[in-house]
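Peer 1: Work the whole structure out from these sequences, hints included.
Just so you know, the sequences run in chain order A and B.
Each residue of the first sequence is one higher than the last, beginning at 2 in the working numbering.
Each residue of the second sequence is one higher than the last, beginning at 34 in the working numbering.
One or more of the hints may lead you astray.
Reference listing, derived: stretches of chain A covered by chain B, where coverage requires no fewer than 3 residues with Cβ under 8 Å from a Cβ of chain B [what the hints assert, rightly or not]:
#1 20-27
#2 47-61
As a list, the in silico DMTMM-like pairs of lysine to aspartate or glutamate whose alpha-carbon atoms are at most 25 Å apart [said to hold, decoys possible]:
#3 K54(A) to D34(A)
#4 K54(A) to D51(B)
#5 K54(A) to D110(B)
#6 K54(A) to D49(B)
#7 K54(A) to D42(B)
#8 K54(A) to D37(A)
#9 K54(A) to D43(A)
Since the hints were made in silico from the structure, they are not lab data.
Only a predicted model underlies this, so the values are computations on that prediction, with no experimental measurement involved.
C-beta atoms are modelled at their ideal positions from N, C-alpha and C, and glycine is treated no differently.
Spelled out from the first residue to the last, the chains are:
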Amino acid sequence: MTSEASQAPEARFDELIHPSTRLSIVALLASADWIDFAYVRDRLELSDSALSKQFATLETRGTSLSGPSATGAEGYKYASPIPAGPPSRVTSPRCAQSLPARSRMSAAWN
Amino acid sequence: MAEHINCADAGRALDDVDLRRRQIVAQIDVPGWYWWGLALAWVGLGLVTVAGNPWLSVAATVGFGAAHSAVAARVIDGRHGSRQLSVRADVVSRHVPALVIGFLVTLVAFTVGIALAAAALDAPQPALIASIVVAIAVLIGGPRLMASVRHRAERSERR
Numbered sequence: 002m003t004s005e006a007s008q009a010p011e012a013r014f015d016e017l018i019h020p021s022t023r024l025s026i027v028a029l030l031a032s033a034d035w036i037d038f039a040y041v042r043d044r045l046e047l048s049d050s051a052l053s054k055q056f057a058t059l060e061t062r063g064t065s066l067s068g069p070s071a072t073g074a075e076g077y078k079y080a081s082p083i084p085a086g087p088p089s090r091v092t093s094p095r096c097a098q099s100l101p102a103r104s105r106m107s108a109a110w111n
Numbered sequence: 034m035a036e037h038i039n040c041a042d043a044g045r046a047l048d049d050v051d052l053r054r055r056q057i058v059a060q061i062d063v064p065g066w067y068w069w070g071l072a073l074a075w076v077g078l079g080l081v082t083v084a085g086n087p088w089l090s091v092a093a094t095v096g097f098g099a100a101h102s103a104v105a106a107r108v109i110d111g112r113h114g115s116r117q118l119s120v121r122a123d124v125v126s127r128h129v130p131a132l133v134i135g136f137l138v139t140l141v142a143f144t145v146g147i148a149l150a151a152a153a154l155d156a157p158q159p160a161l162i163a164s165i166v167v168a169i170a171v172l173i174g175g176p177r178l179m180a181s182v183r184h185r186a187e188r189s190e191r192r
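Peer 2: What follows is the structure, given as structure tokens:
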């Protein structure tokens with residue numbers, strides 16, 4: 002394992018946001034002050050009920066909350082810090098070499 | 034409980050985070066109605082000069098300035114281009130309002146220059162001609178300005 006990987010904070014899988022659908026939702030929320038339900042639904046190509054379930058799961062940990070937008074539409078905003086750490090534990094030296102540059106993206110929204 | 038994810042899945046997850054952030058960056062914009070309102074106001078000011086009443090021209094100009102000040106503060110930061118979301122402040126360049134204002138100041142200078150040139154050529158209603166030409170420039174140049182802002186935001190995301 003490279004010295005950079007050995008000095009990196011211990012990464013762990015977060016069962017709340019790291020499943021791919023919720024990760025996509027949180028990644029959208031993290032770049033917006035407020036975002037409409039329909040926008041998230043259309044970007045993720047989910048049904049209303051499927052997306053509602055995902056938001057309900059996130060809300061159990063206070064990760065997002067619903068509230069009326071300026072236009073009166075139902076919208077969501079991110080209400081708590083995103084858990085720190087890149088989304089995976091490095092499992093091989095070759096992986097450690099390829100991930101550090103890309104992990105800047107995850108660090109940027111921590 | 035910690036769970037290991039393989040390298041490929043981790044890479045896909047990071048790619049997805051990048052994709053979602055770029056989708057928000059693509060929403061950096063000024064609402065379309067702002068450029069149309071500006072263009073129509075510009076033509077309106079040109080029509081007011083046709084009346085030939087300097088006090089009316091002054092009142093119209095002051096009124097335009099007041100209306101623009103009331104509206105612009107909310108929309109020219111590039112964060113409210115979409116009705117479906119508001120882009121976070123740290124995703125958008127803080128220089129966007131200055132870019133838009135600079136664009137408008139440049140257009141004012143162009144309006145004066147075109148009007149003077151039209152007057153020198155003995156064109157009828159040079160101020161109206163200038164206002165129409167600049168209104169077209171607003172409708173074309175405004176969205177292009179925001180497209181360049183989005184392009185720069187995307188490039189800075191990739192660094």
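Peer 1: With reference to the structure, classify each hint as holding or not holding.
Peer 2: Evaluated hints:
Beta-carbon proximity to chain B at under 8 Å applies to 3 residues in the region 20-27 of chain A; the threshold of 3 is reached and the given coverage holds. Given as covered by chain B, the region 47-61 of chain A fails the check, having 0 residues with a CB less than 8 Å from a CB of that chain where 3 are the minimum. Among the hinted pairs, K54(A) with D34(A) is consistent with the structure: their alpha-carbon atoms are about 22 Å apart, no more than 25 Å. As the CA atoms of K54(A) and D51(B) are separated by approximately 24 Å, the hinted pair is consistent with the 25 Å bound.
Proximity of K54(A) to D110(B) is assessed by CA-CA distance (about 34 Å); at most 25 Å being required, the pair is judged violated. For the proposed pair K54(A) and D49(B), the alpha carbon gap of about 20 Å is at most 25 Å, so the pair holds. For the suggested pair K54(A) and D42(B), the alpha carbons sit about 24 Å apart, so the restraint of at most 25 Å is met. The suggested pairing of K54(A) with D37(A) holds, with an alpha-carbon distance near 16 Å, which does not exceed 25 Å.
Proximity of K54(A) to D43(A) is assessed by CA-CA distance (about 15 Å); at most 25 Å being required, the pair is judged to hold.
Violated hints, listed in ascending order, are 2 and 5; each of the other numbered hints is respected by the structure.
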